[in-house]
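Could you slot chain B onto chain A? The hints should help.
Here is what each chain is made of, one letter per residue.
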Amino acid sequence: MKKVLSGNHAAAVAARLARVQVAAGYPITPATQVFEALAEMRAKGEFPGEFIAAESEHSVMAALLGAATAGARTFTATSSHGLAYMHELLHWVAGARLPVVMVDVNRALAAPWNLGTDQTDSLSQRDTGWMQTYCSNNQEVLDTVLMSFKIAERVMLPSMVVLDGFTLSHSYEPVDVPKQAEVDAFLPPFRPVLRLDPDQPMSFGSLTGPKDYLRLRRRMAADLAEAEDAIEEVGREFGELFGRPYGQLDAYRCEDAETVLVTSGAVGSTARAAVDALRERGLKAGNLRLRAFRPFPARALRAFVRPGTRLAVVDRNLSPGAGGIFASEIKAALYPRSGIAVHGYVTGLGGGDISVELLQEVWERVDAARGADPAPAVWAEDAR
Amino acid sequence: MPLLEGADKACPRVIVSERSMDENRTGNWRTLRPVIDSGKCTGCLICWKLCPEACVELTEKVPRIDMDYCKGCGICVSECPARCVDFVAESAA
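Residue numbers (this note's numbering), protein chains in the order written: chain A, 1 to 384; chain B, 1 to 93.
For reference, chain A alone in the conformation it holds in the complex:
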């Protein structure tokens, strides 16, 4: 059934449809509505799961660590400083191999205070072992929460579903809400092999020496490599059941494109309009949207590029001292490159507009820049 939902409400509806057993939360702009919606559903008897209003985000993730160890399907949502405050527990949950699913609503980090969308909060959690998927519209938010449970429970690693603050979180769009029976057929109950059980007592996360630690981390790396396939397989299965297929990458009009915009999140849908406008002028433009960031879709990316491809990478994020994070990762994935230029553009930090016009300007600049790719990022902003 089609409903008009905000990105936050789409996430909450997905958590209900996934039959989440334990949700925990602590309010933070712009993610609070996810819990407001879940709390309302619980009050109406539509959400039978446990709901824990914790005293901090650190406690939220600690509560989910316990609940998931006991074998519950778990969910939360946060943003920016809340996510940063969870950081220690993000490592714990990934290391303990618990398939917690969390929505992160992208928001800039202080100082200075800023509530606008900015991917640096989620990208700062890059090395925790969490999978990360960036969504471009509210339908994709709902669908990705459902797929993330399936992928996370297959590879036994937690998964972060990322959406743009306000641009998606507070914007209302028509969203096709699947029937409960359809979701149940796609997503069976979570049945972990090992769980905390008083009838069969076991200790989890005990001290290990370097020999085991190295092997456990290697296993985590192997499971993340498998997750690249799992994302594709589960995305295909989702497409067969619900008519909306997904993968690690989303290429738009790239078949004969020589210069390709590389985007993520809601900018990915703006970029389609920019590509259409460029194509109308007879220019060979395309857009490649990265849905997956962890595991990084390196294999898919290498299969996508051809010699001579010019990538205009739009980063709404910054690793100070290095540049845009997507651009850095793409360069690393394509090394050693044969005639592929990667141009990084840092723009839209702190919620700045990334308009159709700005994206066309970025594309035209990169298309015209014959020669070596610039090592430092180009900083740009929308003039309108």
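Warning: the hint list may mix true and false statements.
Heads up, simulated DSS-like pairs for lysine-lysine below, C-alpha to C-alpha not over 30 Å straight-line [stated by the list, open to error]:
#1 K61(B) to K40(B)
#2 K179(A) to K211(A)
#3 K211(A) to K9(B)
#4 K71(B) to K61(B)
#5 K331(A) to K9(B)
#6 K71(B) to K49(B)
Derived from the structure by calculation, the hints contain no laboratory data. Remember, it's a predicted structure, so these values are computed and weren't measured experimentally.
Frame of chain A; chain B shown alone:
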């Protein structure tokens, strides 16, 4: 140099221990030891209520502290209204 090759999934995802945590005697973390002055103790049980390790035992009027698990946090020392719990360095004990 030994390389870790092949069979990367031979290692389990997590390592669990089936041995009881009762064996894990955390009392050896302690550097300061709480000592109850039984003459001053009123038996109010506040130390029993507030001990985060639940290692204050109520066998008699004067509680007994299980030194196998007391980590020496000192909460009983600061919370005792009769000020009857002394904190003594393990090195001096």
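Restraint status (C-alpha distance of K331(A) to K9(B) at most 30 Å): OK: K331(A) and K9(B) at ~29 Å, within 30 Å.
Holds or violated: K179(A) to K211(A), with C-alpha atoms at most 30 Å apart: Cα-Cα ~48 Å, so violated.
Quick one, are K61(B) and K40(B) close enough, alpha carbons at most 30 Å? Distance ~12 Å between K61(B) and K40(B) Cα, so the pair holds.
Given the proposed pairing of K71(B) with K49(B), does the C-alpha separation stay at or below 30 Å? Holds: K71(B) and K49(B) sit about 16 Å apart, inside 30 Å.
Quickly compare the C-alpha distance for K71(B) and K61(B) to 30 Å and report which way the hint goes. 23 Å, holds
Restraint status (C-alpha distance of K211(A) to K9(B) at most 30 Å): 15 Å, holds
Violation of the numbered hints given earlier is confined to hint 2; every other hint is satisfied by the structure.
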